[in-house]
Amino acid sequence: MAFVTTTDLIPLIPELILLGAAFVVLLLDLFAPGSQRTTLAVTTIVGFVIALVAEIQLLDSGATGFYGTIVADGFSILFESLYLVIGILTVLLSLHYLDDHGIGFGEYYVLLITAVVGMMFMTSSLELLVIFIGLEIMSISSYILVGIRRRVPESNEAALKYLLLGAFSTGFLLYGISLLYGATGSIRIPEIVVALQEPGALNNPLAIIGVALIIIAMGFKVAVVPFHMWTPDVYSGAPTPVTAFLSAAAKAAGFAMFVRVLLTGIPLEAELWKDLFWAIAVLTMTVGNVMALMQNSVKRMLAYSSVAHAGYIMVAVVVGTPAALSSVIFYSCAYAVMGTGAFGILTVRHFGKTPDSYDDLAGYARYKPCLAFLMSVFMLSLIGLPLTGGFIGKLQIFQAALEEGWVWLTVIGLLNSALSVYYYLRVVVCLYMREGSVPDGAVLEVAESPGFALTGLVGAASVVVYLGVFPQTLLELAASSVSTLF
Amino acid sequence: MSQIWLVPAFPLLGFLLNGFFGKFFGKRFVTIIAPAAVGFAFLQSLVLFFEMRAADGHRLVETLYTWMATGSFQVDVAFQVDQLSGLYLLIITGVGFLIHVYSIGYMGAEAGYYRYFAFLNLFIFFMLVLVLGDSFLLMFVGWEGVGLCSYLLIGYYFEKHSAAEACKKAFLFNRVGDFGVLSAVMLIFVTFGTLNFNIVNAEAATQLESGGILVTVITLFLFLGATGKSAQIPLYVWLPDAMEGPTPVSALIHAATMVTAGLYMVARLSHLFVLAPFTMNMIAVIGAATALLAASIALTQTDIKRVLAYSTVSQLGYMFLALGVGAFTAGIFHVMTHAFFKALLFLGSGSVIHAMHHEQDMLRMGALRKKLPVTYLTMLMGTLAIAGIPFFSGFFSKDEILWKAFSSPLGGGGFWLIAFVTAGMTSFYMFRLIYLTFHGESRVDSHTAEHLHESPAVMTVPLVILAVLSVFGGFFGVPHVLNFLPNGMELYFKGFFAQVPETTPGSAAAEIGLMVASVLLAVIAWSLAHRYYSTSLDAVTALRNRLQTTYRLSLNKWYVDELYNAVIVQPGKLFSTFVLWKLIDQNIIDRLVLLPGNVARGVGSGLRLAQNGVLQSYALIFSLGAMLILGFVLL
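Order-wise, the sequence lines are chains P and F.
So the first sequence is numbered by my numbering: it starts at 1 and just counts up by one.
So the second sequence is numbered by my numbering: it starts at 1 and just counts up by one.
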């Protein structure tokens, strides 16, 4: 019996490409002198791009490997492509940031790649243990990325908190998996599904506790209330490009896992779990928005707002129909792009310092008109104004909810969304309506903003607008990828 | 071969060119591109208008592409030109073009010239999308878009604190309205399974029970949205403050176009609204009340733009009154004539302000007619029109509304009386404006007086064109009873709006009688204004002293702002300070945070790094949450 054949590796081609790229970057780091960091970044981007091409080639191939443990279905390909795109964006946003803050480690890029590889395993595997390993690869890479500014106390603090709480939640996940194994005798999702469909299988407390523990652990990863407490601290302590990466890609990966494991894998007895998800969705939206409202730091505001957006996605999770699941995908993609963009603006120095509070945003309209405009686009999309991806995303979610008769949930969502306008608009007001004065002794940047970052941000803003004006392509992709799940 | 998409495409292109390259290509480039974009849109609108008249069913539809389609739900990006949107197209692009041209002169000396024109083009684009869209969703795109541009342009002089405040106010009040629209759209989607206007209008009568709860709730929500956008009670207070924006913006957005979007929506869904008599009655009551309230405030304001702003609110109330009594044609007719004369009056006031170096207080003007002859004459035409002096445009449209308020089965003597009194007030405050500004003795300070000059041709030519329209625009809709021309408006809108069942077609004698009465009132009000304001202001000072209380009420806008502040804003602030911050944040959260910290302090000395115990409290909350969930699923 041959354990591994070449065909087994086909669905893993993108992951293998990325691992190769990681090694190349590591080697280059050894030989490239400190001033040639650009080479590392470019190599990383090239790796991501090749992997992306491989993903596209795999589309419609239906490749599976390792006895069905790894699948390259529409769902995983769509999400993996998203991680790759966010990866590219993150690299574009990192170059100047690493220079500005004297982070000269080539490992930065390597860890970024391994984090993406971890996410890809989380998404493409049908076996709970492999998913768990993927999750850990992603998590450990991100713990280090969060703390990579070794000499900055906030960064250390954030990394330590993330690590400890992350380990805590990992315990829940493993425990849940083992209980579920005890109840069903399998760790493979298709077999678990079959076992749980037996009459009475879901009355087994083992299974119920197992599923609940898994929900808790995943709730931590996607930062829903009450498992969100780490988000603001970690997001504000991490280097800003890493924050962008975590809020976009890591969160999307969490939701991919959520959909794959919980919504299609385990036939959840309707009422009980719906009520639970309902409460989580409402709490997450509301707490996220109210807390965001009270922040004075833009980065923390965005962190809480990412909690609120997870709440909107949870609304779709409550609904759980195929239309709702495809809106989860659409919203994850849209949020990933606009969230990365919004955090991305904060990576660029303004008046010689990396902006943090609302006051730091004064004077953008005058000195950095291009960035001010891009930031406004991201804010409008986060608000959910028409002609942006955010609008279509919210529309899809609430429409799916309405079709199933979740009127109150929709109303609460709309009210929350109305509330969020206030703090997003505050950003735009600061950008455009406040004259910044150049602080004494501050260096006024010669170029408006670094070229790589600007490319990335313009790209992100274009995608946001594209998704608002021509959403049909992604909507169809999302719908067809949901159909591959069942 | 209709090519409807070209109409919004021109201003969008103008926005992109000016917004991205205007800064580099300089003023001349911007000056050509921005008005040209709207000019071309106007030409294309004209072509479409006549095509639409010739088309079957007077409707052109153009589907560009499928915007989104999921399951049974499909929305196209589709534009339609019919009687209603055709007329709006001409108003938006026509008046919009004139205001763009005027802006070249008015904004010539301003910094950020390109930014101003980019936003103005963008506004026209969204406004066109609003009226061209064939579904709620596309209308909503325009609806939010015009709101956005409106805030951007109100906040244009962002160095001014009051401008930034006004901008915020406009935004918040509009959000309340937007929430109404969204709720209504949701309900419509649940009820009809589609968001297409034509299907909703066609199926309204069969799907919804006339006078039922559902249709009443839907229409009330829609109307709430309309009160936000079109500045009606209770959401009107943002509009007068919106006058902080540049004057051409006030003319375009806050008088001629955007503020009529609410009316557009109600008129667009006339077949839905007539099913809800309660809502119709509500619209009429709110419209009449707003008309009266705003007119009474306008009587005493001394800022020339504020008078016009309250006048706009009042006139919008008139139009809602018309819609509420089922006289959709009359309401939309007044939208058109009002667009002419109010744009004219605002632009005229802009010309005065321009000449006066940004002085807006009428008490510091006076006797300007010699210095600004063109502005004076054109504004006089506008005033004659709005006051309802016979054969000027406002006379026809206003009289139609007055008559319908009286004779429609949904109307009544009370509505007529309010509208009648308002008409008198309108005449008074408008002539007061004219006398204070252009007649009497000069109260201009000597420095400004030296530099007084008529505005350049680029500003006066649009004034003259608008004046011509204000004078003759009414002949499109001559009432039947006068009968020297066919009523063009009624022919034009034949079969478009839902019909309110006609009871007795009131007698011609009554109509003529009421008409004469309102003309007499307008003339009396005019002569009163003449008496008090044309020469010296001594008489009016005496009068003011006699009517102290009433005068104060009006001058302070019936203290509505203060009321809102006391009832909504301050409690909100108190709530957030005391409940959210003091109670929840400081007491509950802080204590929660400290509790495990105190317990664990001895144990976790290695974790001191992580900010005195916060981490433990996170873990605690995590665990509590986990226990809650486990308890919930097991029990």
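Keep in mind the hints are simulated off the structure, nothing from the lab.
Idealized CB from N, CA, C, for every residue including glycine.
Honestly, I wouldn't trust all of these hints.
Partner residues aside, some chain F positions facing chain P, computed with beta carbon under 10 Å [stated by the list, open to error]:
id : residue
1  : 21
2  : 26
3  : 65
4  : 72
5  : 140
6  : 143
7  : 164
8  : 167
9  : 176
10 : 540
11 : 544
12 : 547
13 : 615
14 : 619
15 : 621
Some chain F residues flagged as far from chain P (calculated, every beta-carbon gap over 10 Å) [unchecked claim]:
id : residue
16 : 144
17 : 289
18 : 303
19 : 500
20 : 634
Under the rule of at most 20 Å between Cα atoms (straight-line distance), these lysine to any residue pairs were calculated in the SDA-like manner [claimed, not checked]:
id : chain 1 : residue 1 : chain 2 : residue 2
21 : F       : 23        : P       : 367
22 : P       : 353       : P       : 104
23 : F       : 160       : P       : 434
24 : P       : 274       : F       : 168
25 : F       : 168       : P       : 353
Evaluation of the provided hints:
For the restraint placing residue 21(F) at the interface with chain P, the shortest Cβ-Cβ distance is roughly 13 Å, beyond the 10 Å limit, so the hint is violated. At a threshold of 10 Å, the smallest CB-CB gap from residue 26(F) to chain P is about 16 Å, leaving the interface hint violated. For the restraint placing residue 65(F) at the interface with chain P, the shortest Cβ-Cβ distance is roughly 8 Å, inside the 10 Å limit, so the hint holds. At a threshold of 10 Å, the smallest CB-CB gap from residue 72(F) to chain P is about 8 Å, leaving the interface hint in force.
A least Cβ separation of about 6 Å between residue 140(F) and chain P falls short of the 10 Å threshold, and the interface hint therefore holds. Because the beta carbon of residue 143(F) sits about 8 Å from the nearest beta carbon in chain P, less than 10 Å, this interface hint is met. Against a cut-off of 10 Å between C-beta atoms, the interface hint on residue 164(F) holds, since the closest Cβ of chain P lies about 5 Å away. A hinted interface residue such as residue 167(F) counts as satisfied when its beta carbon comes closer than 10 Å to some beta carbon of chain P; here the least separation is about 7 Å, so the hint holds.
Restraint check, residue 176(F) versus chain P: the minimum CB separation of about 9 Å is within 10 Å; hint holds. Hint status for residue 540(F): violated, given a least beta-carbon distance of 39 Å to chain P, over 10 Å. Look at residue 544(F): its Cβ only gets to about 38 Å from chain P, farther than 10 Å, so that hint breaks. About 40 Å separates the beta-carbon of residue 547(F) from the nearest beta-carbon of chain P, more than 10 Å, and the hint is not met.
Here the hint on residue 615(F) is kept, as its CB sits about 5 Å from the closest CB of chain P, short of 10 Å. At its closest, the beta carbon of residue 619(F) sits 6 Å from a beta carbon of chain P; the interface hint therefore holds under the 10 Å criterion. Evaluation of the residue 621(F) hint against chain P yields a held restraint, the C-beta minimum of about 5 Å falling below 10 Å. Not every CB of chain P lies more than 10 Å from the CB of residue 144(F), the least distance being 5 Å, so the non-interface label is violated.
No beta-carbon of chain P comes within 10 Å of the beta-carbon of residue 289(F); the shortest separation is about 27 Å. Against chain P, the non-interface label of residue 303(F) holds: every CB pair exceeds 10 Å, the least being about 23 Å. With a least beta-carbon separation of about 32 Å from chain P, residue 500(F) lies farther than 10 Å from that chain, consistent with its non-interface assignment. At the 10 Å boundary, the C-beta of residue 634(F) falls inside the reach of chain P, the nearest C-beta of that chain being 6 Å off.
Only pairs whose Cα atoms come within 20 Å are accepted, and residue 23(F) paired with residue 367(P) is accepted, the gap being roughly 13 Å. A C-alpha spacing of about 19 Å is found between residue 353(P) and residue 104(P), which places the hinted pair at or below 20 Å, so the restraint holds. Between residue 160(F) and residue 434(P) the alpha-carbon distance is near 10 Å, which keeps this suggested pair within the 20 Å criterion. The suggested pairing of residue 274(P) with residue 168(F) is violated, with an alpha-carbon distance near 39 Å, which exceeds 20 Å.
In summary, the hint linking residue 168(F) to residue 353(P) is not supported, as the alpha carbons are separated by about 29 Å, beyond the 20 Å threshold.
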